[in-house]
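Visitor: The residues making up each chain are set out below.
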Amino acid sequence: MSEYFNYDDITNARIADIEAHDPAILNAKMPEDLDEAVKLISSLLTYMPEEKRDAAVRSFIAVMLVS
Amino acid sequence: MDNLTPEYRANLRRLKDCIQHKHIDRVPHFSNIYTWKILDSDLKPKLSEAMSNYTLLDKMQCEFQERYHFDVHFDLLNRNLLKPETVMGGNHHLINDEAESINFFDHVLMNADEYEEYAKDPMAVNWKMFRRKYPDITAGQVAKAMALREENIAYVDHMKKKFRDKYSSAFANGRIVAQVPYERFHKYYRGIKEATMDLRRRKSVLHDVFDSMMENEIMPNLKKQLETFDDSDCMCDVMMPFLSHAMMNNKQWDEFYWPYLKPQIDMIAEHGKTILIYCENSLLRFAEYFQDYPKGLFLIVPELDDVRDIRKAIPNAAVAGGLTTDLLGHGTPEECVDAAKRAIDDMGDGFMLSQNKMVSFRNDCRRENLLAVCEYVQSYRC
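Respectively, the protein sequence lines represent chains C and G.
For what it's worth, our numbering labels the leading residue of the first sequence as 1387, then goes sequentially.
For what it's worth, our numbering labels the leading residue of the second sequence as 86, then goes sequentially.
A few of these clues could be false.
The following label-pair restraints were derived from C-beta to C-beta distances [what the hints assert, rightly or not]:
(1) C:Asp1394 - G:Arg260: 21 to 31 Å
(2) G:Gly174 - C:Pro1435: 27 to 37 Å
(3) G:Ala331 - C:Val1449: 20 to 30 Å
(4) C:Lys1425 - G:Asp87: 36 to 46 Å
These are calculated hints, taken from the structure and not from any lab test.
For glycine and all other residues, C-beta sits at the position ideal for the given N, C-alpha and C.
Work the whole structure out from these sequences, hints included.
Guide: Laid out in structure tokens, this is it:
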């Protein structure tokens, strides 16, 4: 294994998992309602334990505003 | 802390002792070098190529360390990990390969009349801002960006561990970043121009929202983080970037900055932790506010202030600096070594040699100058 950082296998597996979902959900535009949006995005994060998904989405939304 | 090598422990001890103003065997060398590392690399990638390839970033960061041997780093080429923004189809950074620069655009995401709503329900306003920042985004793009952000986090963990275990070189600060509420609006939500006008036009509502943030978010989170995070393998526990103070007059500092900064500093001090203050522009106007804290709490990295002036004004703080990008980029190796020697001699204990700015552009530094300084500081004995 290379000493240099390579996360491709993990990231690619997660993205493949996301892309295996219904295209109608994948391509859905973001609703105005936050709770509805969190539910929609969470439904795609099946590589993640279910109990962590909603909090992860909310945290991601806040973090991306200050990046 | 149990799994640290003896070499790393010795380096960390030297850094922490320096902050405590203890006499140490040699002056630590602190890298405030960012994108310049990519431009200096013998791998010679385009900036855009480097920024999208974390394996390449890792290689260049290692190449940098093997050439210059810094004791501690502000950045492990982890500052602009832009994969999540890129997959969401828009961001506020522009990578310009021709100019060899990464620019961050001032932008307005939040409307002036949304302060009150932010005080009551910050997440609801966050969501409005998110949709403005990433219009037309799909659920699939957000989910993929989240997977890529996890890659960012893994990169940072990997680099910190590698630098600790392989190079015995430290990361400057732990995970806690403490800032006054206004910084968030200034840089990210309202933009510099609008936020600066808000200080004059919306005083009352700003106090309402800042008070609410302090009570409901900032102080409880800081307390929890101070009690649960153990980042004692980093040089400092907490990072405090001072950015927006530069746009304030002293009266505004007294009203909008210091009352929200002091409780955070006090809480950090009560927990026996150390604070790394990264200060853009100048701190001297506000020096008196920091003079009564005990020695060993602050390490200040000033941008425009001469390290000697900071030492005179805030003698209880350790200081990092002494070399300007102007000199590193345009002087000779001899001139750079002379400047390093003068700074070390003038400052005495509680001083780390560093660069006054985030070294980012090609002309900020020349390899032969940095090599000469590194050779000097690594062989100098106090």
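Visitor: Could you run down the list of hints and mark each one as holding or not?
Guide: Each hint tested on the structure:
Between aspartate 1394 (chain C) and arginine 260 (chain G) the C-beta distance comes to about 26 Å, which sits within the given range of 21 to 31 Å. Judged by the Cβ atoms, the range 27 to 37 Å given for glycine 174 (chain G) and proline 1435 (chain C) holds: they are separated by roughly 28 Å. Evaluation of the 20 to 30 Å hint for alanine 331 (chain G) and valine 1449 (chain C) yields a pass: the beta carbon distance comes to about 25 Å. The hinted range of 36 to 46 Å is satisfied by lysine 1425 (chain C) and aspartate 87 (chain G), whose Cβ atoms lie roughly 43 Å apart.
Of the numbered hints listed earlier, not one is contradicted by the structure.
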